[in-house]
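Enquirer: Turn these sequences into a full structure, and let the hints steer you where they fit.
Spelled out from the first residue to the last, the chains are:
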Amino acid sequence: MIVPYSHVLALAGIVFLMGMVCTVTRRNLIMILLGLEIMLNAGALALVGASLRWMSMDGQAMALFIIVVAAAEVSVGLALIVCVYRRTGSVDPNFTETAAPEKPSV
Amino acid sequence: MTIYSAIFYLLAALIIATTALAITRRNLVHAVVYLVISFFGSALLFFLLGAPFLAALEVIIYAGAIMVLFLFIVMMLRIEESKRRIFPLSQWIPAAVLCVIYLGMLAVILSGIEGDMRLETAVAVPAAFSMWIFRHGWLAVEIASLILLVALIGALHIGRRPAAADKKEAQ
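Heads up: the protein sequence lines correspond to chains F and D, in order.
If you want this note's numbering, it's the 1-based position in the first sequence plus 1.
If you want this note's numbering, it's the 1-based position in the second sequence plus 42.
Keep in mind that the hints were calculated from the coordinates and are not lab data.
Possibly wrong hints are sitting among the right ones.
Reference listing, derived: stretches of chain D covered by chain F, where coverage requires no fewer than 3 residues with Cβ under 8 angstroms from a Cβ of chain F [claimed, not checked]:
#: 1; stretch: 54-61
#: 2; stretch: 83-94
#: 3; stretch: 109-117
#: 4; stretch: 140-152
#: 5; stretch: 171-183
Examples of chain F residues toward chain D, derived with CB under 7 angstroms [said to hold, decoys possible]:
#: 6; residue: Y6
#: 7; residue: L12
#: 8; residue: T26
#: 9; residue: I31
#: 10; residue: M40
#: 11; residue: N42
#: 12; residue: V49
#: 13; residue: G50
#: 14; residue: A72
#: 15; residue: S76
#: 16; residue: L79
#: 17; residue: A80
#: 18; residue: V92
Glycine included, each C-beta is placed from N, C-alpha and C at the ideal position.
Expert: Below is the structure:
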């Protein structure tokens with residue numbers, strides 16, 4: 002006897018919401034990617050709870066694939082951030098404010 | 043209140059507190075370390091919810107590999123301290139609208155489902171879980187390995203220095 006499933010769902014929802022706020026409001030590409038990780042983790046949490054609620058392993062299998070997708074996404078995302086940093090010299094998603102060095106000065 | 047529900051609420055409070063601390067830190071290293079603690083809490087919660095294999099994977103992949111990758115990138119890049127507000131006002135409007143919609147939907151969902159039916163404790167032992175996933179989801183496992191391979195090649199290609207920079211360094 003742990004807790005009702007709705008409490009697990011509420012916890013996952015709150016964590017997802019915090020990840021979403023982080024993704025939408027922070028002005029730093031690394032923090033945006035961290036917010037995405039928090040959201041994926043919240044999804045995995047809800048799926049594991051659902052797996053226990055319905056006594057089926059489907060939820061745990063989906064959580065496993067969420068972890069795989071998170072690992073793939075973070076490697077490509079961080080490579081893109083390094084690429085952007087080499088081009089613009091900053092990790093601000095608002096590239097127009099930090100002068101891009103490769104922009105032709107016409 | 044059983045011991046399991048006490049552990050659940052304790053872990054939930056820990057996860058929410060450390061995640062909130064992580065997303066409000068200005069220093070990226072502090073944010074990543076707080077998030078490691080949050081993922082450890084998630085791993086314990088997976089263990090409580092009967093998924094020991096996923097708990098181990100959460101510690102190894104999320105708290106270990108992914109967060110260490112973030113730490114490497116934070117150390118690699120020289121990130122200038124921004125003097126602006128940590129949450130810019132212009133970004134708050136979409137965030138607040140999304141939060142209100144989302145919290146409303148969450149309240150509707152939570153008020154609708156099964157009142158006081160509590161989760162029973164059960165464990166999916168790793169061997170049974172692995173047998174199940176290879177029997178029922180072998181195609182998904184293959185696709186997952188393909189995704190990891192594509193991500194590896196993609197990250198290598200994107201992260202490669204441009205050929206001109208290599209030549210300049212060689213001279």
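Enquirer: So which of the earlier hints does this model not fit?
Expert: 10
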